[in-house]
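These protein sequence lines map, in sequence, to chains A, B, C and D. Following the working numbering, the numbering of the first sequence begins with 164 at its first residue and continues without gaps. Following the working numbering, the numbering of the second sequence begins with 164 at its first residue and continues without gaps. Following the working numbering, the numbering of the third sequence begins with 164 at its first residue and continues without gaps. Following the working numbering, the numbering of the fourth sequence begins with 164 at its first residue and continues without gaps.
Don't take each hint at face value.
Same chains, same label: a pair holds when it works inside one copy or across any pair of copies.
[Said to hold, decoys possible] Keeping only pairs whose Cα atoms sit at most 16 Å apart, straight-line, the calculated EDC-like set for lysine to aspartate or glutamate is:
#1 K310 x E249
#2 K221 x E328
#3 K273 x E389
#4 K221 x D344
#5 K190 x E275
#6 K400 x E328
#7 K253 x D169
#8 K310 x E246
#9 K221 x E275
#10 K400 x D169
#11 K190 x E291
#12 K400 x D233
#13 K194 x D176
#14 K221 x E460
#15 K286 x D233
#16 K253 x D308
#17 K221 x E471
#18 K400 x D294
#19 K271 x E246
#20 K221 x E389
#21 K253 x D434
#22 K400 x E238
No wet-lab data here; the hints were simulated from the structure.
4 protein chains.
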Amino acid sequence: MYDLPDIQACSPDYPINLTRVGATGVKKLVKVERGGDERPIVLISRFEVFVDLPSDRKGANLSRNFEVIDAVLEEEISRPVYEIEELCGKIATGLLARHEYATRAEVKMKSEYIVRRQTPATKITCQEVVDIFAEAVARAGPTSDLKKIVGAEVVGMTACPCAQEIMRGQVISELANLGLDAETARNFAEKIPVATHNQRGRGSISIEVKNQRCISIDRIIRIIEESMSSRVYGLLKRPDEALVVSRAHSNPKFVEDCVRSMAQRVVESFDELLDGAVVTIKQINEESIHQHNAFAERTATMGELRAELSSCM
Amino acid sequence: MYDLPDIQACSPDYPINLTRVGATGVKKLVKVERGGDERPIVLISRFEVFVDLPSDRKGANLSRNFEVIDAVLEEEISRPVYEIEELCGKIATGLLARHEYATRAEVKMKSEYIVRRQTPATKITCQEVVDIFAEAVARAGPTSDLKKIVGAEVVGMTACPCAQEIMRGQVISELANLGLDAETARNFAEKIPVATHNQRGRGSISIEVKNQRCISIDRIIRIIEESMSSRVYGLLKRPDEALVVSRAHSNPKFVEDCVRSMAQRVVESFDELLDGAVVTIKQINEESIHQHNAFAERTATMGELRAELSSCM
Amino acid sequence: MYDLPDIQACSPDYPINLTRVGATGVKKLVKVERGGDERPIVLISRFEVFVDLPSDRKGANLSRNFEVIDAVLEEEISRPVYEIEELCGKIATGLLARHEYATRAEVKMKSEYIVRRQTPATKITCQEVVDIFAEAVARAGPTSDLKKIVGAEVVGMTACPCAQEIMRGQVISELANLGLDAETARNFAEKIPVATHNQRGRGSISIEVKNQRCISIDRIIRIIEESMSSRVYGLLKRPDEALVVSRAHSNPKFVEDCVRSMAQRVVESFDELLDGAVVTIKQINEESIHQHNAFAERTATMGELRAELSSCM
Amino acid sequence: MYDLPDIQACSPDYPINLTRVGATGVKKLVKVERGGDERPIVLISRFEVFVDLPSDRKGANLSRNFEVIDAVLEEEISRPVYEIEELCGKIATGLLARHEYATRAEVKMKSEYIVRRQTPATKITCQEVVDIFAEAVARAGPTSDLKKIVGAEVVGMTACPCAQEIMRGQVISELANLGLDAETARNFAEKIPVATHNQRGRGSISIEVKNQRCISIDRIIRIIEESMSSRVYGLLKRPDEALVVSRAHSNPKFVEDCVRSMAQRVVESFDELLDGAVVTIKQINEESIHQHNAFAERTATMGELRAELSSCM
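Just chain A, with the same shape it has in the complex (with noise of 0.2 Å):
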């Protein structure tokens, strides 16, 4: 083969460092475990990758680049990925080893993934898709600096205990012109489905630990379904209809309240978290009031969680 060029080694026209350098939407497919008995899945998932770039260099070799991550994706998938934010660490740890101008690797990922679920009445097994993502840093130096982030996206069902609680007040006022007293008009009120407006929602958890050990991603996932106000189904027969809709009803959340049941449910399920992992929990419920979306959002350390929880645990 004849002798090519290598532009991307020369001087660029202004010495400005680059953060990142790199490519968006690469598309790889990645097996992913599913724990228990059964057998593993082979999902496409999206990437980033990319290196800083000192000032003194045009270009960061793209063409090799994505050469690299090709083979070191490929090395990883042949074997089980029990744990997405290890294969990110790997691959960000690869890069940094073949770009000897860089000093920090990135690698992130997104993929869908497929849980089992059983109908709440019916318990008739059924497949539930949620967002996962995960996120490795690794830093030129000890090889023990590497960040890592996991983290899952869920969608669930929220009912407004804001309206709830108005409309719980007109049954109670209709009670009254039937004549009963109002403790049973009371008592009578909380037991009953009353109606609010209902919707979906999506939570999120992310976690980042640096020189620590692996988050099981299948506990967040289960934190974020149980932090709504009831899970949502690809299937329900009526009886796990009315089920759905009775739970939701008598357990109604705001965006604030799902955010806060994670953080407590984060603190209570993920002991052996060190008081520096950065945890960040989201809740976007799609309004069926509205045109547009309700917000809350928490980022903080594992330790300011557990000192405001200590209070009430």
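Take the given structure of chain A and dock chains B, C and D to it, following the hints.
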């Protein structure tokens, strides 16, 4: 300027006729009238424009094509556009006039559109954004052969009748426990806001006419709004929110019900439409208990809809 | 379990027939065979499923509907699916069997699909992601009345012939300044890679058959890939990149050319298709010199395409 | 009106602080001035608005919140808005004033924006659509502590320098075959438009200031346009298209080059920006030879960029 080659006028490698040649994703400013004493607003609309191409011509002169489109749009934008399907009709006619080799020209546009509404209880004015669209197809020959389509998609709220009826059964059981007789219990349970799952729904209507005058897009929008369980609002104070939830729960609707309500209202409101006009009506509910959506659709001529409804009107 | 009301079986408020009632955005795992000695992969596909609904029935029993769909999919997923339009056909037939009130069932699916390719110069294996889709429509009556559609959309590269011819004129002028004679200059300018604008293009082919055996989706993908100026690759080393740029520039194509090339190859490759099969061929170029896209399309029967091409084959 | 319960003011189940509570996907009409003698246009912008929430309050009164946002927007819309980050700043300040429990308010907006440009050779006026965005964060305390961000994303064209250099080598070889000497061949190959892959690129710049006056969004847009290989145009006649292709090929740029050019121009053009201003510059190329995109980014203070460029200015 030197003489540039006209590759488009050459013969193609294979003598295949083309149904559509043109451009998509063309964004242009369009002035939209809002009726009454409101000032017109200028919105960015997204266009698609096509002509057909005979088998003996390599290309459709896209570069010249864009110039033509621009000129027609520019001219129309300088005066108020009362009906967006008229705008599409003029562009289609213009394209046909300027492409001597074409026998058919097609124009599609989509835009967002602002309507002003009042909150239901507190009567505060708020803006709602709806999607509007129009199309026109002009054919070479008699100028009157111009097909025009106009329509809108509007977000509203739907509450499920089936889940509500099951919940109502539970309320009646509870009332029996309080010692109420069956008829009083049923009457009470019909009057109070009993829970059900509810969600954002998106209704749409498109109407296709030939050689007929224009359709009011504002009437189309009103019909869609009135055919779901309740409208949605950009702003709801607490009494408004109570009223919206009450209304939606005393007017529960399946996707099928929404489509049939729209069909009935179209027949009722558009007396002037000829029997040959084609109506497409859709409803998509973003089910709060599922990740997937419920969907219903009817496509029919005005004549067919009138015949089906004649038994009940 | 107590007896739950069947609201769906009631009469609707307005006796309007519905063309389609069902669900959209239904995500399911589908096992896809990849032929040869490659192992099957399991992909998340997105489904739409509909039946029609007579005017005397309020609802389509969506909840039961989903159960049916799931069962059919589950059964199909347990064995290799060689042809995705067959899968859609089986679901459509199954839906019709289980909805006694329906006369028509329609199923659509979309999925990503992995093909393996070799880089053109260095012969490294890399993965490409293409979009595949299928549909089926079953009608009550003779079981053989099953319409099936299968197709794919593939990303490739297109280079503009018109701009290249203008640039070539400039090169010839420059050569004249060097003292070369006209013929030598023209010959030289035909041989070297003269600049033009080039861009990502997306070609798609869908083929609709009735009562006929299946179409190979891999052949469809090959035809789309070969009908643009060049393929694109997930990985290109420097000699590969040179070869891709060379090939694209010695094979410039308008959107119109891409559609006609696909049409010619479909006629050539699918000898077994009956004249009544309907073919839809599209090309969208994401023009590098514009924000909008260039578009061309042909919809025709195989019989029509064969007739048009008979003069040149 | 009867007395409605204030559920939001209750204590939450878990005393967790929330970083952001608010709404996303809020669409509003915003009047945008276009400078000079052009008339202002009214565009639909998309907003996100948040306040923080202390651990002792269940909800952020979203319903009241929306009312507040609307009022502020309404008031601003009634007069010309010269700078969109000023608009965000006023909304953020307004939110903070009305949410007595909040210590921080954040507002983000995105909009499309129209700029008029002339085609390069034929000097026809055409419109280009660019994306603009702004943010503001207000904190309780001294009113001057207001962080503001403004920026834009613009589509242009980029041509790859590396592939072009390889192609140029091939041209030089061919010239040698014609008997030209090495220097003449190299000179000739530098002068003619040699092929390379080129594509749509998207450049973006955002600038964050504190307690400083506003940034001209038009200057930001100009800088992005000038930092790619060529601008793109909504309309190009044949001589314009030739000029665009010529210019792009005599000005090839990697993603890295585009970011560095933007950085250099920001330093050159925004003399008035304090050293603490934070600049984020990105370039994404939708590679015509790949399905994935090339990406480069720099985030730095103006002080850092000035220091890096001091050696070469």
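Hints and how they fare:
1. K310 x E249: Close inside one copy (10 Å), not across copies (37 Å); limit 16 Å.
2. K221 x E328: between (63 Å within a copy, 14 Å between copies)
3. K273 x E389: Neither way: K273 and E389 sit 23 Å apart in one copy and 31 Å across, limit 16 Å.
4. K221 x D344: Answer is neither; intra-copy 82 Å and inter-copy 30 Å both fail.
5. K190 x E275: Both ways: K190 and E275 sit 12 Å apart in one copy and 10 Å across, limit 16 Å.
6. K400 x E328: Answer is between; shortest inter-copy Cα gap is 15 Å, intra-copy 29 Å.
7. K253 x D169: neither (28 Å within a copy, 51 Å between copies)
8. K310 x E246: Cα proximity of K310 and E246: one copy only (14 Å, versus 39 Å across).
9. K221 x E275: This pair counts as neither: shortest intra-copy Cα distance 36 Å, inter-copy 33 Å.
10. K400 x D169: between (64 Å within a copy, 12 Å between copies)
11. K190 x E291: Answer is between: at 8 Å across copies they meet the 16 Å cutoff, but 22 Å inside does not.
12. K400 x D233: between (45 Å within a copy, 12 Å between copies)
13. K194 x D176: Neither: 43 Å inside a chain and 40 Å across chains, both beyond 16 Å.
14. K221 x E460: between (40 Å within a copy, 14 Å between copies)
15. K286 x D233: Only across copies: K286 and D233 sit 14 Å apart there, 42 Å inside one copy, limit 16 Å.
16. K253 x D308: within (13 Å within a copy, 42 Å between copies)
17. K221 x E471: Result: close only across copies, 15 Å inter versus 49 Å intra.
18. K400 x D294: neither (25 Å within a copy, 33 Å between copies)
19. K271 x E246: within (13 Å within a copy, 34 Å between copies)
20. K221 x E389: neither (50 Å within a copy, 19 Å between copies)
21. K253 x D434: neither (26 Å within a copy, 43 Å between copies)
22. K400 x E238: Neither: 44 Å inside a copy, 19 Å across copies.
Checked against the numbered hints listed earlier, the structure breaks hints 3, 4, 7, 9, 13, 18, 20, 21, 22; every other hint is satisfied.
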